[in-house]
Structure formats: C-alpha cells, structure tokens
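Please take these sequences and the hints and turn them into a complete structure.
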Amino acid sequence: MNITVENVSKHFGTSKTAALEHVNLNVESGELVALLGPSGSGKTTLLRAIAGLEAPDSGRILFDGIDATERAPGERGVGFVFQHYALFKHMTVFENVAFGLRVRPRETRPSNVEIEKRVRELLKLVQLDFAERRHPWQLSGGQRQRIALARALAVEPNVLLLDEPFGALDAKVREELRDWLRRLHDEIHLTSVFVTHDQDEALEIADRVAVFNAGKIEQLGTPEAVYDHPASGFVYHFLGRSNALPDGLVRPHEFHVSSTPRPGYRQGTLKFIRLVGANARLEVEGEGVSAPIEIEIGKGQLEGELTPGAAVYYQPHTIRTFPTTN
Amino acid sequence: MRRAVALPSAARVSPLKAHSRAEPLWLKWSLIGLALFFVVLLLVLPLVTVFYEALRAGISRYGASITDPDALKAIGLTLGVIAIAVPLNTLFGVAAAWLIAKFRFPGRSLLISLIDLPLAVSPVIAGLIYVLLFGRQGVLGLWLEAQNIKIIFATPGIALATTFVTFSFVARELIPVMQSQGREEEEAAVTLGARGWQVFRFVTLPNVKWGLLYGIIMCNARAMGEFGAVSVVSGKIRGLTATVPLQIEMLYNEYNTVSAFAIASLLAALALVTLVVKALLEWRGKLEAKSQS
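Going down the list, the protein sequences come from chains E and V.
Just so we're aligned, residue 1 is where the first sequence starts under the working numbering, counting upward by one.
Just so we're aligned, residue 1 is where the second sequence starts under the working numbering, counting upward by one.
Don't take each hint at face value.
Said to hold, decoys possible - Heads up, simulated DSSO-like pairs for lysine-lysine below, C-alpha to C-alpha not over 27 angstroms straight-line: (1) Lys89/E with Lys286/V; (2) Lys271/E with Lys299/E; (3) Lys278/V with Lys89/E.
Derived from the structure by calculation, the hints contain no laboratory data.
See below:
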C-alpha cells in the first residue's frame, strides 16, 4: 500500500516549537523507508500520525490515495511495533499473537482452528515456535521484539510501522535483528516505515531515508544519495562524524596523511594515534581549527613514521560546503 | 541466592555482632518492647475484649443477640448499603483513575483534589451537608417532599453518605497502578483493532486487577464500619434506619453491653477477614510484579 503524508503539522500542548511542520512524504508500495533524526525531531510523531495514534492539527494522510486522516487506528490496516515491545504482560506468547484476530467482530473473526494455524505460522516465521506457552517476561529483549512483530503481522496489515524497534536492545542482537528484518522485508514486501536515531541502521536497511530536523524533513533520498550528497550541514553532521575545517566539512576518512611535508598538505601536530583493526585513527591539532581533527585511514596508507607530539601533514581530498551550517 | 565468593573480612562477622555494632542491644530490645506494648494495648487487647464481652454471658445469649430482629434488620441494612455504595464507588473509581492516569485534560488536577475531598472532610460534616441539602429544611427539601422522595432519615440518605465517605478508596488505589502501566499496551491493542471496551476488558483491567480488588476490599471495610456521616442522616430509627455500627452504639448506650459487643464482634471478625484478604492480595500482586520484572 502506498502512503502519502500531505502537509501534516502537529503541535503538542502549549509548546511553541512544532513537533511536525508541514511535512510531506510519499512511501511507495513495498518500500522500506527510515525516518531518521535526533530525539524530538518529530519522526516518532509522524509515525504515530500515520498509525492514527496521534491526530495531526492539519494536513492529510492517505492510504492508496484515499484520505485516512479520520480513520481509527484499528481500521487503517497498520501493524505497529513499539520500542519497548508493549506486549500484553498477562498473556502467553500465543495469546499475544492471537489478540488481533480474537478481538475481531464475529463476522470476520477466524475460527479457533484457523487462529491457531495462523499464530503457529507466525511464530515459526519469527523463529519462536518453541515459546508459545511462555509469558513475555520469560523471553529476552530480542525475542520479545520478534513476538511484537509477529503480533503486528497477525492482522495481515498493509503497512508495517516500527518505532525504534531495536532501540532497547544490545548491539549484537540489534544487528542480527536488523539484518533479519531486512531479509523479512525482501521476502514479504510489506510497505514499511521505521523510526530510528541510528544512522547506520537507517543507511543499512532502508530503501530510502528521510532525515528529520526540528519537525521537518531535511532530506529524503536513497541511503547513497543522502550520504554522498547531503542537502545541508545538518544532514552531513547527522549521517556521520565530521570535521569543521576553515574551508568546509570533511569526514574522518577523507584525508591523505604524511609524516613529511608535501605540496598542498597542511601542517598539524599529531596528538594521538591508535590502530584499530585495519584502520588507524588519528587526532591532529591543525592551524585555525578549534577542535582536534579526527582522521581515519587504512594502515597501508600511512606514509612514514608517525609519533604523537611530532608534526604531521594532512590534506582533505573532499571538502563540502553548505550555505548555512547548523 | 548465596554466592560462593569470599566476603571482605569486615563483612565476615556473625549476624548478632553485626547488629550490636550498629546499635546497643538494650536500645534494640526496648524499642521492640515499646512497639509491642502499643500494639497489644491499642490493637490486641480491644479485639480480645470485644470477643470476651460478647461471649461473657454464654454462647446462647450471644446467638440471641445476633438473631434479635432489630440486629438482623441492622445487618440487612448495612449489607444493602454496601451493595449500593461499593459498586458505585468501584465504577466511579475505575473511570476516574483511568481518566487521570491515561489522559491530560483541563480540570484534571481539580478531579484529583475532589477524589481526596472525602478523606479530608469530617464524616459528620459530610452527613450534615446532605441533611442541609436534602432534609425538610434543606435546599431541595420541599421539592423532594412534593415528589414524595425521602432521602434523609431513610436508606437513600444512608447509602449516599456511605458512598461519599468511601468515595476515594478504589480511585486512589488504582491511579498509581494505572500510571505505572503507561499507555503503550493499550495503544498496541488499539492498532490491533480492539474497540474501546475490548481494550479495557482484555488489557487495562487484567493489568490492574490486584490493585482493584485491594481497593474494593478497603472500600467495603470502610463502608461497613461507617458511623459519623451515617449517624447524622439516618435518624437512628431502630429496626428501620439503624446500620450495624449505629445499632451497636444504641445498645451500648442502653447498657446492653453483651448485645452491643456481640454485634460488634461481627464487625471485628469482618475486619480480620479483610486483613487476611488484603495481605493475600498484596502477596499475590508482589509475586506477579516480581515475576514480570
């Protein structure tokens, strides 16, 4: 299903700053879109507005071109996955997944046999078929989130919405689940929107990324596009570490480094060097630069001997400038 | 669980020694003694006295006191009043707690204050307010009389006063429980297609069931024992508008100690049952909270 967000605005309480300000977004059918931004930038508010959990002050939300702004959450055909799982604590895993089918009106409610079949299928899909009689508290964080996903999929939604789905998990589980979600999406091609503040997560699994800043979408594009051609200083900053040089912004890996003077190279003092795996991380104090410059290059590209405290020569090979850098 | 890790030497002392280091033994025992003294004096002795006085004249006299027609009437009236006040306050308490815990709306803090009001107002004053409002000389008195509705010196007034006094118990018990629950589970239920009452029935209610039962038990106990407000509005017509506590007072004032204590023993027994149920509920609730954390 195609989702269109049309000029949506939302204020909370009496606060002057808008949670969402005239936001427009189009999610194509079968696409996986990431809403990326710092906390408080409005990305979760937009996701909740799409789900119907938040009513926009103005603007429209359309599903397949049909206005759904006034539709109740349960009538939108969306599956929602919460950051903290929001599983029903007093129900077994099985009952959690079955919930969406059990609360249907009698006319559309599947029979118990069908419900059982469907729940078992989903539990198999999320690889937790062994846990159907357990309660949520008997599962790990990653398992809980998979149950939450199975529960959301049980109602056969047209759209899957995920609010920081991996935010409460530790790094390893997070990565596993991230890959798994991408593979699942490739298999079932369900239109999906997920919120994250982790740029790696967004860049790695999304088809397109919408970068949020202060209630607005600052840039929308493929991961390559937003990373390689950031539309603003904010996007550039947010998508990775960066150094502010007098003539523009540079990423840590966009430098040449040498221990001897070379034409076009600038002079600095090496503060610190550390070898991490195949890379070397340098901190250099440069002329006319307030903060230490972070440089990261392959070990093989180090020319000559570098010792902390000694002079070092560096040259940025890609410098980006933006009209206004925030 | 005990761990087989060596403790630092300072901690490896006998339990008794560890205590004696913190405070002198005489202080510990005199504090415990003092606490026990007051518990016995203020709680245990009166309770024993109630049963002792009730049974002093023999079991047959005890039975006769309880099965006295007026006593039975009083018990019936109290049960009837509870049957009105407790369900009303349960309904109100659940609704108010749900509103306060889950929503932000204008007048929310006013509602919170109103819920606490019956605890702050003396029950006698509460009774008087109803008399001034619904009594013959009251604001609505003449109109009520014209409609042939009797509230003061009748069961409706007693039920009303009892409801007022026990207004807060369920709501106050539920608000913190519901607040700690948050909105997420309910939102999840909504996105899964559950309608309002289904969300309440299948998600909200099961999550607060122990708190709710606890609140109802406390509300019930308070409603049975209510004296002040009820004594003002009832008019104390024996066999008609006398509840159990009022009946006890009247018997006592007539120097009918045995009968007074016999009926009082019923309330005392109920208090004990309430305590046991309350302890059980707390234990269950804690057990569940522990297993879910």
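query = What hints, given by number in increasing order, does this structure fail?
reply = none
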